[in-house]
Amino acid sequence: MIFTIVVHSAPYQSGSAATALRFTRAALDAGHRIHRVFFYREGVHNASALASPPRDERSLPAEWQAVAQEYDLDLVVCIAAAVRRGVLNQEEARRYEKPAANLAEGFELSGLGQLVEASIQSDRVVTFGGGR
Amino acid sequence: MSKSVLVICRSAPYRSSAARDALDMALSCAVFELPVSLLLLDDAVLQLLPGQQSGAIGEKSVNAMLGALPMYDIDRIYTSLASLAAHGLEAESLDPSPEVLDADELKQLIDGHEVVLTL
Amino acid sequence: MTLHLLGASPSDRATFESCRSTLTEQDTLLLLEEGCYWALPHHRQELSRIPARVVALGPDCLARGIATEGLKTVDDAEFVVLATEHARTVSWY
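Residue numbers (our numbering), protein chains in the order written: chain A, 1 to 132; chain B, 133 to 251; chain C, 252 to 344.
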């Protein structure tokens, strides 16, 4: 089956970003396809290259990167939500004249249309919320 | 292949970005010409309170954006009897006025959509 | 036929009530994250009155010290199977 995963929560905001990661791995392990993981709302913070948790703690951005690399996953971060919250790639940093970019490698910024397209292409869309 | 999408929002306006994010999701679906419905449950029904002057707290009006939805072919905003009752509201006093669903109709609404996006 | 994900704790009454009002006999309610606290003995009676099948995400219960006797638990792989078996998922947080 083809899944799309929607992540609304930042790493330390609730447990749901971590649940989303576990679900993603379990689906891939079972032979399903993940059409896209879409990070929306506070979920954009999963894509920060600057998150620096202590070494004995997990790092969700790093774990997303690892699973994406292993399975060639499409990790898309809502551009409007991300730019508002200070998660920028090089291009957006230039556009908004900011001193640095911090979108982690393996993630890309794109529009909400990517969520709609993914919903059309997928058999199931699973939202991991948290933090209304 | 087209799919119908139900967006469920449960947050009051100006609490977080939820109300606007729900609208943006619904509008994106409409841009792709997907049939989309917006269900405002619980505190989200407060987005329909008339007379919101959000400028007083430096925010854009969620209510005004909801009023503009028909321009994007999103004609119906749904809420539940329970959501209205929780705040002692009546549909006629809200703007835009929502379609009110009882528990059975709520189940049918969810059942009638292939994708449900929640906030 | 819907898989409902309840991630809100019992102290968030409104989320539970809204979720419950949409459940049918064909649906499954999966308790996950803080929703797992619905599996505490104090809440079991209310849980038993739900029309849908109720299951809990095992690792989330285990992590929080929630005993699950008498309640079906699923692991992450079975969570994925549940998602495939139902026509759609609806999340309640």
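These are calculated hints, taken from the structure and not from any lab test. Since the model is a prediction, treat every value here as computed from it, not as a measurement. Hints are not guaranteed to be accurate.
Simulated pairs of lysine to aspartate or glutamate, EDC-like, Cα-Cα distance not exceeding 20 Å [stated by the list, open to error]:
no. : chain 1 : residue 1 : chain 2 : residue 2
1   : B       : 239       : C       : 327
2   : B       : 239       : C       : 326
3   : C       : 323       : C       : 336
4   : C       : 323       : C       : 297
5   : B       : 135       : A       : 57
Going by beta-carbon spacing under 7 Å, a handful of chain C positions derived as facing chain A [what the hints assert, rightly or not]:
no. : residue
6   : 261
7   : 268
8   : 331
9   : 336
10  : 340
All residues carry an ideal CB built from backbone N, CA and C; glycine is no exception.
Quick rundown of the hints versus the structure:
For a cut-off of 20 Å, the pair hint linking residue 239 of chain B to residue 327 of chain C is broken: about 27 Å separates their Cα positions. The suggested pairing of residue 239 of chain B with residue 326 of chain C is violated, with an alpha-carbon distance near 28 Å, which exceeds 20 Å. The suggested pairing of residue 323 of chain C with residue 336 of chain C holds, with an alpha-carbon distance near 17 Å, which does not exceed 20 Å. Between residue 323 of chain C and residue 297 of chain C the alpha-carbon distance is near 16 Å, which keeps this suggested pair within the 20 Å criterion.
In summary, the hint linking residue 135 of chain B to residue 57 of chain A is not supported, as the alpha carbons are separated by about 41 Å, beyond the 20 Å threshold. With a least beta-carbon distance of about 16 Å to chain A, the hint placing residue 261 of chain C at the interface is violated under the 7 Å criterion. Because the beta carbon of residue 268 of chain C sits about 15 Å from the nearest beta carbon in chain A, more than 7 Å, this interface hint is broken. The closest approach between the C-beta of residue 331 of chain C and any C-beta of chain A is roughly 5 Å, which is under the 7 Å cut-off, so the hint is satisfied.
The beta carbon of residue 336 of chain C comes no nearer than 10 Å to any beta carbon in chain A, farther than 7 Å, and the hint placing it at the interface is violated. Given hint, residue 340 of chain C at the interface with chain A, holds; its Cβ is 5 Å from that chain's nearest Cβ, closer than 7 Å.
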